[in-house]
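Residue numbers (the numbering used here), protein chains in the order written: chain X, 1 to 519; chain L, 1 to 327; chain B, 1 to 322; chain F, 1 to 322.
Note that these hints are calculated values from the structure, not bench results. A hint or two may mislead.
[Claimed, not checked] With a straight-line cut-off of 20 Å between C-alpha atoms, the simulated EDC-like cross-links for lysine to aspartate or glutamate are: (1) K114/X <-> E199/L; (2) K74/X <-> E199/L; (3) K203/F <-> E312/X; (4) K394/X <-> E310/F.
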Amino acid sequence: MTEYLLQMNHISKTFPGVKALDNVMLEVKPGEVHALIGENGAGKSTLIKILAGIYAPDPGAEFYFEGKEAGIHKPIDATLKGISIIYQDLSLFPNLSVAENIYMGRESTSKSWKKIDWKKIEETAEKALKELDVQVDLNMPVEKLSIAQQQLIEIARALAFDAKLIVMDEPTSSLSAGEVEKLYKVINDLKRKGIAIIFVSHKLKELFTVSDRFTVLRDGKFVGTYETNDLDEDKLITLMVGRQVLYEKNQGIIKAGNTIFEVKGLSKEGNFRDISFELKQGEVLGITGLVGSGRTELAQAIFGVNRPFTGEIKINGETVKVRSSEDAVKKGIAYIPESRKTQGLILQQSIINNISLPVLKTLRNALGLINRKKETALADHYVETLDVRPALPKMEAGQLSGGNQQKVVIGKWLSTKPKILIIDEPTNGIDIGAKTEIHKLLRKLASEGMGVIVISSELPEVLAVSDRILVMRHGKIAGELSINEATQENIMNYALLGSKQTGVHRENPDLGEERGIPM
Amino acid sequence: MKSILQSKEMSIVAIVVLLSITLSFVSPAFLTFENIFDILKGNAVLGILAVGMTLVIITGGIDVSVAAVTTAVCVMAGKFLTVLPDSPISILLLFIVAPLIGVLLGALNGILVSKIQIPAIVVTLGTMSMINGIILYLTNGTYLNSTSFPKIFVDFANFQIFGVSVIVFIFAIIAVGTWYILKYTVIGREVLAVGGNKESSIRAGINFDKVQIFVYGYMGLLAGIAAIAQLSYTKAVDPNGLLGFELQVIAAVVLGGANILGGRGSIMGTFLGVLLLGIMQNGLILARIDIFWQKVVVGTIILIAVSYDQIQYKRSKDKLAKIEVEA
Amino acid sequence: NSSSKSGGEDSGKESGKDGKLKIAVVPKLVGIPYFNASEKGAIQAGKDLGVDVIYTGPTEADAAQQVKVIEDLISQKVDVIAVAPNDPAALTPVLKKAKEQGIKVMDWDTPADQSVVELSVHQIDDEAFGRHIAKSLIEKIGSEEGDIAILTGGLSAANLNSWIDGAKKELDENFPKIKLVSDKIATDEKQPVAYQKTLDLIKSNPELKGIMAYSTIAPIGAAQAIQEKGLQDKIAVVGTALPKDSKPFLEDGSLDVGILWEPDKLGYLTVALAKDLADGKKPENGQEVENVGKIEVWEDGKTVIMGPPTDFTAENAGDFNY
Amino acid sequence: MKALSKESILGLIALGLIVVMSVLAPGFLSSQNITNMMFQIPEFGLIALGMMVVIVTGGINLSITYTAALAGVAIALMQSNGYPMLLSILVGIVVGLVCGYINGFIVSKIGVSSILVTLGTMVLFEGIVLSLTKGNSISGFSESYSLIGNGYYMGLVPLSIIIFILFAILTGVLLTKSKWGRSVYMVGSNPIATLFSGVNNSKILMGVYMYSALLASIAAIIMTSRYNMAKVDLGSSYLLQSVAAAVLGGTAIEGGYGKVMGTVYAVVIFQVLSSGLNLLEVPRSIVGVITGAILIFVLIINFAKAKFDEKKQKKMQEANAA
Ligand SMILES: Nc1ncnc2c1ncn2[C@@H]1O[C@H](COP(=O)(O)OP(=O)(O)OP(=O)(O)O)[C@@H](O)[C@H]1O
Ligand SMILES: Nc1ncnc2c1ncn2[C@@H]1O[C@H](COP(=O)(O)OP(=O)(O)OP(=O)(O)O)[C@@H](O)[C@H]1O
Ligand SMILES: [Mg+2]
Ligand SMILES: [Mg+2]
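Kindly generate the complete structure, drawing on both the sequences and the hints.
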């Protein structure tokens, strides 16, 4: 009937209090890579969940697959139709083995009492992993894998199905460059086989590399569908945010003050070794490296939640012992973790309660009870200055989109007025508009006298915010670069080889193993 | 490269072995064939229920009505037995009727938990209270004893194979059968999947409601079979005999390493948990520990066991080198 | 039915309306055979004597729950409360409260605080009962030396404890060569527990000669273990069992003798004396109570003893209906 | 129109039950019965609140009733050995707090799940009480002590209910207004994120288990005073009931949510049911059936209401959009 594999028209979705999608359309042709793009909270994941049968759209929706009424009401319907999905927030079973995770989902299409063929499960898994060129123990429970490996398993699972349409909701958010390359290769193979792909990502470069067409959403509304060839980054950004944004290398303009923070010879077995660096007032220090190089562990050690370790931490020249996160807050250290949903926020609590949590002590009245007025004022202040949308401080944090959630976490930590702010993957899964806002904010905080440490795997980001860059590799500092000498290339060399020498490029097929995660 | 599951079981194995060695020094009667099988027989009802509870707990649920359901089946099946003729058919009928009643009661829990989405502990607290009340109202606590049962049942209850009571065999069959279901059937894997991550399981197209109704129904089924074991064991119906037993069942399962939050648990672990409780009960009398101090000893052993297990678990997690740090 | 009434269905709630007395009989708990049997007697007495009998109690042998039951009975404005206390001290305040409301207060089965009750109906003299059980066991063992053990319903059951104390006294005084292998062993009022513990006992004490089991359930569990291990001739079991439950064990000798009284008579006597109490009549020593028999009244004028215990044996167990 | 909260609905149900009982049960509104209920609520109410606080953190405290028993026995032992009342009470509370500390320590410092820990300490505390009391009940309180559980304030309102109300208010204020209370909810919702927000989770949890034990100890004071004794099963029947009350009161069993008012309403519902049905002379066993049924019924209502609200909101939004 039509040339389209998938047609979704007049799709709306109302959540209590939010209209996540408003009359959106999405049309996908067989064998194309269709990018779905929009700011945080634009409604991408929601649209995908409707496609997957997890959410029912509001009445009036038209939904065709292969020219026929799709009739997808439950996830299993989508699976049976040949739609397989890689979820943004992963949907693995932590307690089950890698092999089973990959296989899971087919089983349920068959009878409950059917005997399980473990051999077949392993074969299927092995094949899927091979396609992605991933090496993990098939019997390892998934909870023991790194986030990056988990993401690969999630991808492998989607590949293992004989799908006609594969949806990838931010599949690369935790992957290293090498792994991303492999994924591109797989995507190309799939295309050749006529399989359509919907690809969601905030990394524009990536999107231009893989996609044939773009559908742009803005605030739950449909902006348009475009051929990739007709677009460039600037145009796309304008479509997404309705304005032009810049994202360029930091010029290193801030003059740093005294050393406010210093670590000396920090070591923890299996985590990091002999880490020494200092941080000056007003400086943004970038720490980068490959995923798995130990940056998070280092940051969490400093914050008092990854103990015990050896070495010395000095604040304003004084040696301090940080025994717990409570201690850290007292000493003026703030840490914004990489996982918003599990570590950063308490999703089922209100924005107010989240923001005030670290500073409850200061919000007490004479009786030692919380002064609700002060508390609300505090939350209002950060919701406003950080432009959290919707600006409803009483809303549950879990109802916000990713970018807005991150703003709440930042607000929470700013409320403690920290001397040292450590921020881990500050813009993971956040759209470009919000990203630049956050970068600006970090620069501003530094200029106001805070010492800021930014941990990030995204090199453009590191270059955009840092005054100085440390590169970690296998738990050690491989090198230090001032912003003036730093380029993506020399950072990569430190990260991969531990030296400034060139020689290895991002195309290196062995990149995946370089993550060095012992199994 | 042991999985957490295995290492969890290791620590309870260690405790069971340690306790057994101590006891066999203290009392020569402990490590005898007869005593070991008496322990198994004496804890078969606990074991059967704990096996069912393992599944429930793996899905992240709990069933505090098990003892009430088992008693209800005991009472009904007991009444039923009194009218049955003295023929092998009666045993067969018993094995049909008792599990059937159990399944019905269990499925009721399952439906309330899955369809109305009431937390399992509350549903089962409610049904426990209702079932207990109804049993008490109807029976008024009246006993039935072996004289009311057909002789064939008493023979069945006393039946032994190689000197091992039929009750132990029922337990063994249930344990192995359930292990098989968990490991080798689709529904078994779905039970684990649902417990591991509910959201993911829904996305993978697993019928979450069906799995829940299954586990509570299966719990009911095993309660029905446990009722037969209980009837065979006591050769009587004591409407108060299992009051408060649910806590022991849960204790056995969690001692066996099942995670009360779901996702983790094994039949082997549960078996060891049952064994640990059984050995403690038995051993304290054999070792002639002062009556008044027995509970102190049991409580202390439980606390040591769970703490040791947790410390062990934390250590193994810490040891797992996260990053290959170059020298 | 755990709470039951006798007398005319349409009898008014307020006593005096139709002149009928309202007598509340509170057992330690409802829903066990022993107290079910007492209930039958109490209800029968109500019918015979033309009084309203409310037989109600907690569902667990818990003193706190029992206090609540009595508080509710006070609200119902009964004329007499006869209670078998789970814990004598625990009931003192609430019984005082009842008295303040003009309710006559008495105990039955187990003594309450004697300073509060106006009448105390005992089936038996506790110490004598314990001694009787001990003597019976020695007789069944057939020798005055050897190892024995004691099972009890619960470590905190006051009446069981006083019987056990009586039995121990008897052993200490008259049978010094009898040795107790351990302190009394609790069976939680559950048959399987009694059974299990008995098995363990036999194993850890191969020389065991006899078992005394207190509570109506423990002897059955103990006898079951003996039966199964075929030790009828080696180990004597004596206990406070009801005849119907113990019959199969009495018959093959795994239980040698069940010693108790007739609980239905106790229920009957309680109601009869409660009515007398309300009517202002005092019990007298040697008084003949219809359907019960001669009773003994102690010097204090309020302690009533129903009579000597009944021994249930293989021969007579079939004659009883509880 | 603002939608009714879970708690208000429960309050309405409680009110409705009171109305129904007043109509059906003679004497329900009599001062006698109302006083009765006021005497019966505090001990259970305190334990239910103690349970609720732990459930809010996503845990459970199975040792709560034995903590109460141990504290009660400590008080009784002190007083019966002639120590002054206030000192005894103090010692009792300290003993309770030590129990709470043990739970708190193993849960928060070693990291064992609370159900396991409290299962263990439940047996342990019971054992300690047993070895202290040998299963007997301990009495011998001073006259003034018995006033706590049996006395009246201004000759009208039971002292114990005033104590309960004070502690309910204290609990409510602490939970909603203090830093600790807020952190309790946060730990219950997401312990990792809470830890990562600079909160000392183990301090909070330690506080929770100690506070739970404190409430249990206060309940123990009221119980020992009211029942004039302390013994091993003091209040043991409240264990699962208190979980039921907390959950009926809207506390989320997985943690993160729970209000004092909800639990108080639930306790009142249980009390009204129990007293009313007793006045109606409904058998005790059926009271259990009805309580269970109400528990499930209320949760079905909550479920239906949540569904209904969702639909309504959607409709409203659609109407707005159109
Ligand atoms: N379950 C839910 N309940 C209420 N609101 C929701 C729910 N899920 C999503 N929303 C809201 O719907 C809107 C769209 O969210 P969605 O997750 O689809 O955005 P997205 O485009 O995927 O954003 P991101 O790039 O951050 O992943 C947001 O405003 C979000 O707050
Ligand atoms: N082999 C492993 N076994 C168990 N957990 C692991 C393993 N490898 C990584 N993890 C955990 O997975 C999480 C993410 O790992 P990742 O490799 O991203 O850590 P990282 O190097 O510290 O972070 P960053 O990417 O910021 O450098 C970390 O919390 C880490 O502890
Ligand atoms: Mg998304
Ligand atoms: Mg990281």
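Here is how each hint holds up against the structure:
no.	hint	verdict
1	K114/X <-> E199/L	violated, 23 Å
2	K74/X <-> E199/L	holds, 13 Å
3	K203/F <-> E312/X	violated, 26 Å
4	K394/X <-> E310/F	holds, 18 Å
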